[in-house]
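Per the UniProt record's numbering, residue 1 is the first one in the sequence shown, and the count goes up by one each step.
Hints are supplied without guarantee of correctness; some may be wrong.
Below, simulated DSBU-like cross-link-like pairs (lysine-lysine); rule was C-alpha separation at most 30 Å, straight line [said to hold, decoys possible]: (1) K172 x K299; (2) K501 x K447; (3) K95 x K126; (4) K304 x K411; (5) K341 x K401; (6) K579 x K645; (7) K172 x K341; (8) K501 x K356; (9) K91 x K131; (10) K731 x K508; (11) K564 x K401; (12) K476 x K505; (13) K439 x K505; (14) K362 x K407; (15) K579 x K371; (16) K121 x K173; (17) K172 x K187; (18) K212 x K55; (19) K91 x K172; (20) K704 x K684; (21) K564 x K371; (22) K187 x K228; (23) K126 x K19.
These are calculated hints, taken from the structure and not from any lab test.
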Amino acid sequence: MDMEMGSQHFGHQHPVVFKDVLNDQTKEAICLRCGEMVFGSSFSCMECEFYLHKKCAEAPSKIDHPFHRNHPLVLLPEPSYKGCLCHFCGKTCEKSVYHCSCKLDFHVKCALFPLNMAEKKLEELKHVTIKVPLLFTEDDNKELETLDCFMCWEPLLESMYFSLDCGFNLHKKCVELPHEIKYPFHKRHPLILQFNVDHFSCKICLQKPSGKGFVYSCSPCRFAVHIKCAEFPPILNLPCHRNHPLFLHVKREGRSCHACRENPSFMTCEETQQNKFYRCSSCTFGLHLECALPPLTIKEQIHKHPFSLFWRQVSFICDACGLEGKFVSYICSTCNLLVHKKCISLPPIIRIPRHKHPIFHKYFLQGHQFKDCDCRLCDCRVEIEYGSYSCFNCKFVVHVKCALEKKGWYKEVDPKDIDRKLAIVPKMSTNPIDCVIEKHDDGEMTKIKHFSHKHNLILSKNLIEEHCDGASLMDKYCDGCVLPISNPFYYCSECDFLLHKSCAKSPKQEQLWFHICQRFLILLVGCIFRCDLCQSESNGFSYMCKKCDVHYCLYCATRNYRIKHQAHKHRLFFDRNHKGRCSACNVSVRGLFKCKSCDAFNLHVDCLRLPLTAWHKCDEHRLALTYEEVNKYSEYQFCDICEKKRDSRKWFYYCATCDISAHSYCALGRYPFIKPGSIYNELKDHPHPLTFVRKIFSGPRCHKCFQPCRDLVLECADSSCDYVVHWDCVKPVYLRSEKTARPKTETGEIVEDTSEGSSCIIL
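Please build the complete structure, drawing on both the sequences and the hints.
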């Protein structure tokens, strides 16, 4: 039926016509007020493309809304500002809006729906299906899991909800909420269900206002609670504490939850569940809200069956993580599993930096398959009859708590990707040897072309007899790790390039066990950098992560988390949580290589870098790194270089032949890992190449600071030029900052230093 509305133009320049059904429309008709397609009864213009839903056309120009009593909502033809969001559904407003100066904006239908809900006129929901989570498997998709109810802004799948066909995300219980409640923590006035616009926090969870959905509030008293928080009963009688009732307390207190053992006084306001606390007024028993009111059933991807709530008053061992739990547990009666609530949502497959393959969560492992059951993260035994993460092929196993200790230290793996991404493969060849020129009969490479050097390299197994005489040894360092050269090594017959045989095999791309981002790092040569692990400046080889913009020196990069050190008879294991005093530098540190067998030896990451031998012009022999005092008399415990007293608890360098000892930093200098004799071409204000030289005694004056040159300096390679400058005076800006923290690695930081002038390597 067509009916011309000549006097009612709805702000349009032409007369509009009412139609019961759009049956002669050849293209899509869009409502000019809500922006949605027009179906059924509508108003339209015969002369242009003007359409209005009947409900949109009849929308009042002003609403005194029961959910916002402060001011009326005024209908505007368009939003008053860009980026306007609907306060009800959270989506962008592009057409007509209902607006209030309280910074409230609504789509037309989003303003009318709550109005009808308040007046109990919800005809559009009468024939909408009500769905129950876990029963409607056809809606089992990722998008549905991320949706929130428009009223309480809690997950939609948390409770029964109306089918999305109604156009809104709504819990059934939220639609049926009373408009007014009496609340036990605010007896002065009733709380009114209102749009969440007032700028004050929920009095129960202390969460800051989000500006979305509804709250129960008393505006004069500035008291508000979330819909979900208002549902919490003030008194609970639980089977885990049968002697007394538990009362809801809204103030944070210095007592811990008896279920999860976390103290709410240490939590931030954003961690809302930890601020809600049920406690017993007769004893010290208390529970966080989530521990006191856990869901009855939970289904997650880690297990094929749902878990059911199981209260018990005694402690238990969780079958998923192997740790103790109390009071609140969940059970799978089919599989006879008893677990923590939080362990139901453990990721089934993860990657960690210490292993190249994904590791899988298993509720138990068989002993004959895993003979070495020590955790590869803490070195303590894994009880394999309980849950752990493991790689079956490599017999690699770790505790659940160690693998998931910090969110950024592991990555979840989608089970769908596991077949094609079993191991991450580098994008290019990792072989550092471009070609093998000569070989022994046993297959050992005696002459090679290495990617890092333009000339061929020759293998030497006897440093003194084949390559150079003993007098020149103090200036010979490996170009890879910048440690004193030792057998076997490769040398260049055309220049002074030397490379340990082990360093020559370092791959061009590598994943490092301590680098958290788990990407392949690229082996770089010919640059000066600061190692992000040991903090040393070096011009040797480095592994670089482009994403994290960090370098690791070759020595640190090639150390494993299990090592054998000459200073100790047992194997050492790196434990990122172990706190103790380093046996080398006597500094208290978190994150150490520790000895599990005797628990009396710890080694700092920085001290692991100390060379076993060092050359210094104070002695004609090599100085050996020494771990214990050779002379117990204090008058002999002096450094023969600086002539100051040594700390007997610290490692030092010593020549047994000449009875000469020295502080480690005196023997090595401030820059022990910048190779003397190497060329530096990056100085812009000098025309010639410069050579790194170590000055033991004061030399000519620096051309920058005019002070006598000592320690590491740059000298002009041109013999006719007398230019000399301290390295400290000209080093690049990126090396001038203080020692950096290690946010990209597992390693720890110095906690305290109890001795004056203490240093591991660098002063």
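Status of the hints after comparison with the structure:
Of the pairs offered as hints, the one joining K172 and K299 holds, with about 21 Å between alpha carbons and a cut-off of 30 Å not exceeded. For the hint linking K501 to K447, the alpha-carbon distance of about 11 Å falls within 30 Å, and the restraint holds. At most 30 Å may separate the alpha-carbon atoms for a hinted pair to count; K95 and K126 meet this at roughly 28 Å. Among the hinted pairs, K304 with K411 is consistent with the structure: their alpha-carbon atoms are about 22 Å apart, no more than 30 Å.
Taken as a hint, the K341 and K401 pair is honoured in the structure, with Cα atoms around 15 Å apart against an allowance of 30 Å. About 28 Å separates the Cα atoms of K579 and K645, which keeps this hinted pair within 30 Å; it holds. Under the criterion of a C-alpha separation no larger than 30 Å, the hint pairing K172 with K341 is consistent with the structure, at around 26 Å. The straight-line distance between the Cα atoms of K501 and K356 is roughly 25 Å, inside the 30 Å bound, and the hint therefore holds.
Using a Cα cut-off of 30 Å, the hinted pair K91 and K131 holds, with the two alpha carbons roughly 24 Å apart. Of the supplied pair hints, the one linking K731 and K508 holds, its CA atoms being roughly 27 Å apart against a limit of 30 Å. Taking the CA atoms of K564 and K401, the gap is about 27 Å. The hint holds against a cut of 30 Å. Using a Cα cut-off of 30 Å, the hinted pair K476 and K505 holds, with the two alpha carbons roughly 20 Å apart.
For the hint linking K439 to K505, the alpha-carbon distance of about 15 Å falls within 30 Å, and the restraint holds. Between the alpha carbons of K362 and K407 the distance comes to roughly 20 Å, so the proposed pair stays at or under 30 Å and holds. The straight-line distance between the Cα atoms of K579 and K371 is roughly 29 Å, inside the 30 Å bound, and the hint therefore holds. With a C-alpha separation of about 16 Å, the suggested pair K121 and K173 falls inside the 30 Å cut-off, and the hint holds.
A hinted pair counts as satisfied when its Cα atoms are at most 30 Å apart, and K172 with K187 qualifies at roughly 28 Å. At roughly 25 Å between alpha-carbon atoms, K212 and K55 fall within 30 Å of each other, so this suggested pair holds. For the proposed pair K91 and K172, the alpha carbon gap of about 21 Å is at most 30 Å, so the pair holds. Pair hint K704 plus K684 holds up; C-alpha atoms about 14 Å apart against a cutoff of 30 Å.
Between the alpha carbons of K564 and K371 the distance comes to roughly 22 Å, so the proposed pair stays at or under 30 Å and holds. Our distance criterion of 30 Å between C-alpha atoms is met by K187 and K228, whose separation comes to about 19 Å. Taking the CA atoms of K126 and K19, the gap is about 25 Å. The hint holds against a cut of 30 Å.
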